[in-house]
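Residue numbering for the sequence shown follows numbering that gives the first Met the number 0, beginning at 0 and increasing consecutively.
Be aware that a few hints might be false.
What the hints assert, rightly or not - The calculated lysine to aspartate or glutamate pairs, modelled on DMTMM-like cross-linking and capped at a C-alpha distance of 20 Å, are:
| no. | residue 1 | residue 2 |
| --- | --- | --- |
| 1 | Lys84 | Asp97 |
| 2 | Lys120 | Asp54 |
| 3 | Lys123 | Glu464 |
| 4 | Lys84 | Asp54 |
| 5 | Lys123 | Glu347 |
| 6 | Lys123 | Glu457 |
| 7 | Lys123 | Asp461 |
| 8 | Lys123 | Asp32 |
| 9 | Lys84 | Glu113 |
| 10 | Lys123 | Glu113 |
| 11 | Lys84 | Asp52 |
Everything labelled a hint here was simulated from the structure, so no lab data went into it. Values in this document were obtained by computation on a predicted structure and should not be read as measured data.
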Amino acid sequence: MTGPTRRPVIAIVGGGFTGAAVAANLARNAASDGATIIVFEPRARLGAGLAYDTDNPAHRINVPAARMSLVPDDPDDFLNWMAAKGEPRDDPDALAVDGNLYPRRAVFGRYVCEFVAPFLKSGKVEHRREHVEHIERRGNRWRLSSSAGTDLLADIVVIATTHPAPCAPRGVDQALRGHPRYVPDSTVAGALDCIRPDDHVLVVGNGLTAADVIASLRLADHRGPVVALSRRGLRSRGHPGEPQEPFGDFSSNPARTALDLLQRVRRALRQAAEIGTSWHGVFDALRSQGGQVWRALPVAERRRLVRHLRPFWDVHRFRVAPQIDGAILHGLEQGRVRIVGAAIEQVERRGHVIAVDIRHRHAGRLERLLFDACVVTTGPAHTGILSSQGWLADLASQGWLRLDDVGLGLACDEASRAVGANDTAERSLIVAGPLARGTFGELMGLPQVNDHAIFVAEEIADMLERPARSGQRVASVTTI
């Protein structure tokens, strides 16, 4: 006589945007009715995570609010939620000159939190405010140990963890560790509080995080000069002044080499200019077709694309909100912000003065600059993801995880199942969110991450249905 079918448990590690979106979409699926969904997230609320758990008034969403809906069939869901909540309140600058709303990121974090709240209230999703410290394989299940002393056996584990911390260029961290105005990770709350109003500030890196830092300093009435330094001297661009339709076809007979793709983009840019369309439309088309373009490229060409062209893609694809762009442009016009393309040759600490020798990219000229403060904004160190948290290191040491072949995150297959050291995909270990972009390509913008979270939820729902159809039993949630 067979025993009753037991409740399967899905453990989602990380409750930022990705983890919350996976949990909510899985809970909405009828296939999860007999399952226990547990999200491990130390923060007080789900959905905010590193990106949206911020009270900094300079931190705004980088995409117009009209494109930030969590419900694909209702593109106005976020706008309608804001209208119902009277948002954005006390924020007259949220409406940009282009007519779009760019509210503060904390507003969007509250929207995501309320999206998942009904499932928490009903008990379909459980939020455990705990750090997962260790994960190991136990038979056909996974044993998770948390900071609160919880030991749990789960049938499916979803890796929805945050980005790893940035990695300072060689020599910078070693020379400046312990300096009172050295900020190795600007995403930490209050990280910029140590910078004084007249400090000369070096910002290492020049992407979206650097733009946030410059805007935050300006909002805090910082008056000193700021030098934003990167190897190529590129900075994140702004949005078009007028709406642009996507322009270009990159998915029909997609490129098979990075060079061919580059040539196609350049050709599309020329054609767009001839009809009065800006580069924004070309990159929007490339973004929307990005998954097909990426999958058509052999791994060696993906590596070449990342090595040589990724910085140019990043500054055009990941655009700053008009308010942030305006703050940077104002600083450039006043001479208080300087964008420099150079390599750091040497860093010395002379008391509290930071002496930096840089070699300019094109002129090759060596220049010494003196600073009072240094902020690292080089972006997440994805190649260090496996050593960033103990439980990820556990899974890697057991052979269940490895880095992807491109250097963007974790290896997974087309179903987002983790691929381990033996190149075999494990169906019960899922990689969700930006760490899966080595396989899926465009997985950094919120609309794409949301689509991927929905896809992952559907894959898990399918796994939950299959044992029921075949008469197989699924192991229960077990507390050890």
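Outcome of the hint check:
The straight-line distance between the Cα atoms of Lys84 and Asp97 is roughly 23 Å, outside the 20 Å bound, and the hint therefore fails. A hinted pair counts as satisfied when its Cα atoms are at most 20 Å apart, and Lys120 with Asp54 does not qualify at roughly 26 Å. With a C-alpha separation of about 17 Å, the suggested pair Lys123 and Glu464 falls inside the 20 Å cut-off, and the hint holds. Our distance criterion of 20 Å between C-alpha atoms is met by Lys84 and Asp54, whose separation comes to about 18 Å.
For a cut-off of 20 Å, the pair hint linking Lys123 to Glu347 is broken: about 55 Å separates their Cα positions. Restraint check: the Cα-Cα separation between Lys123 and Glu457 comes to about 16 Å, which is no more than 20 Å; the hinted pair holds. At most 20 Å may separate the alpha-carbon atoms for a hinted pair to count; Lys123 and Asp461 meet this at roughly 18 Å. This hinted pair checks out: Lys123 and Asp32 have alpha carbons roughly 8 Å apart, not beyond 20 Å.
Distance hint between Lys84 and Glu113 is fulfilled; the C-alpha atoms sit about 11 Å from each other, no more than 20 Å. For the proposed pair Lys123 and Glu113, the alpha carbon gap of about 15 Å is at most 20 Å, so the pair holds. About 19 Å separates the Cα atoms of Lys84 and Asp52, which keeps this hinted pair within 20 Å; it holds.
This entry does not satisfy hints 1, 2 and 5, going by the numbered hints stated previously.
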